[in-house]
Amino acid sequence: MTHNDQQYPTPRVDQINSAFVEAWAEGVLRLQVCGACGQETFYPRPLCPHCWSSDLGWTEHDGKATLVSYSLVMRPNHPAFFEETPIILAEIALRDGPTMLARVICDDPTQIRSGLLLELLPAEEGKKYPLPTFRPVL
Amino acid sequence: MTQSRDIGVIGYGCTDYVKKADRPLLTFLAQAGRDAIASAGLEKSDIDGLALCSFELPPDNAVTVAEQFGLSLSWAYLGTAGGAGPIASVLNAIRAIEAGQATSVLCIAGDAYDVSGLFRLLDNFGRALTSYGSPHGFGGANGLFGIIQRKHMETYGTTREQLGRISVDQRKNAQKNEAALLRGPMTLDDYMNARVIADPIRLYDCVLPCAGAEAVVVSSLDRVPRGKGVRVLSGYEHHNHPPGEISPLRGGWELFRDALYRDAGYGPEDFDLVQAYDDYPIMVAIQLEDLGFCEKGGVGRFLEKNSFTWDGTLPLNTGGGQLSVGQSGAGGGMIGLVEAVRQLRHEAGERQVSNAQRGLVSGYGMVGYGHGLSTSSIVLERS
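Protein chains in written order, with my numbering: chain A, 2 to 139; chain B, 84 to 466.
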């Protein structure tokens, strides 16, 4: 629950993404990895988007990342976020991994810069967010 | 691809635009379609092909709309490419006519929604955004295009002042267009200081969601008098480029640009007007780069050196574009096409580009996990 008693929207869970969603509930970032070509993918797909193999498994990522670019969202799509603006919405590059859209949590958004090093929120804090969520490495 | 030079756009139509839908979507689609047929000088019974582009149309589709409208069809098409769809629908209509599947195709695009409707739409646009965008509080397209604009600014030194020239000049065009919802004067200061929506995106970078529809008729050019037909010289579409990249600084137009101009026999310097898909000024800028009006990364200087009013050095979105007229959902992908046809028929009134002979129109749309997935372009010439 957030301040205004609205639940965050959550991912639709199905056979394709359940391992990812369940891992994040424990604060772990799990990436889909292809057994045939070895490439990692975010977001989870029904087949490997690189080689079309169905031999898909999972690998853990430590969440170390770089902020590529970002926007400061003043008008989020859902009321659950209204009291938390600006929402820091970023394109991030996981170290030796794929890029993803992610929310960055920072008390002072003026500190945010492209190129910042990021890490996952600690599990206890991260769990309240529906998807892997990051903070600057200070 | 090379088009038959005998087939083109022979009529156009549009509804009024309203901020809040005051009638059902099908009524808007019907009004635009009837207008277009009348402008072509055709009867309802002449139409044997129908193409529709609309986000809100499901569960209806092109065939159930034919039932609603009482049309008997030999060809039906439902666009899937968002704001790139209407141009693609015209290209596909030409193929259908070339193949003998239809003789006259009515292409309609429109939606009937408002600001809250747009947010609902973006929340449920596709499985990826629903599951991996909405749970972040992503702010719809504004949040995603804020990321792209910042990247362009930081990569190439593009400034908000430069991008603002697009919004400001398009507003001047809108002042000559009674159909535009936003016609008040706008200065560069107004643009710079507008309310922040998704920094660096501010209010005048954003379109106003609205209700309305646009339509064209595609058929043999010999069905209309000289000067009333618009030849389609070339056109292309592309989808999901580049795969896997979230916030690319290119859209896919660069993939077919050379073929587009080769087929047409004309290049960027030959166009009297350009109608570029303007969901955001940054995407107009990226289109100008990808379509070869300047080099990649050079659009900031290009914007400074040119003026974009109907009487400017590069007449751009001469009716005011979506940024001033409003974005009627998928209709936003046809507003530039209809305006180009209007201009090339020399029926644009106070905003008529002097002696307009050739134009380029491009589309963009279907926001996926980070950016628009679909692009399209078409080169038109007065017959």
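Check each hint, because a few of them may be wrong.
Derived CB-CB ranges, DEER-like [what the hints assert, rightly or not]:
#1 Arg345(B) with Trp53(A): 26 to 36 Å
#2 Gly310(B) with Pro50(A): 48 to 58 Å
#3 Pro268(B) with Gly39(A): 50 to 60 Å
#4 Asp99(B) with Gly39(A): 48 to 58 Å
#5 Ala20(A) with Gly348(B): 17 to 27 Å
#6 Asp15(A) with Pro331(B): 21 to 31 Å
#7 Arg345(B) with Ala124(A): 35 to 45 Å
#8 Lys102(B) with Gly36(A): 44 to 54 Å
In case anyone wonders, no lab produced these hints; they're calculated from the structure. For each residue, glycine too, the CB sits at the ideal point set by N, CA and C.
(request) List, from low to high, the hint numbers that the structure doesn't satisfy. (result) Violated hints (numbers, rising): 5 and 7; every other hint is consistent with the structure.
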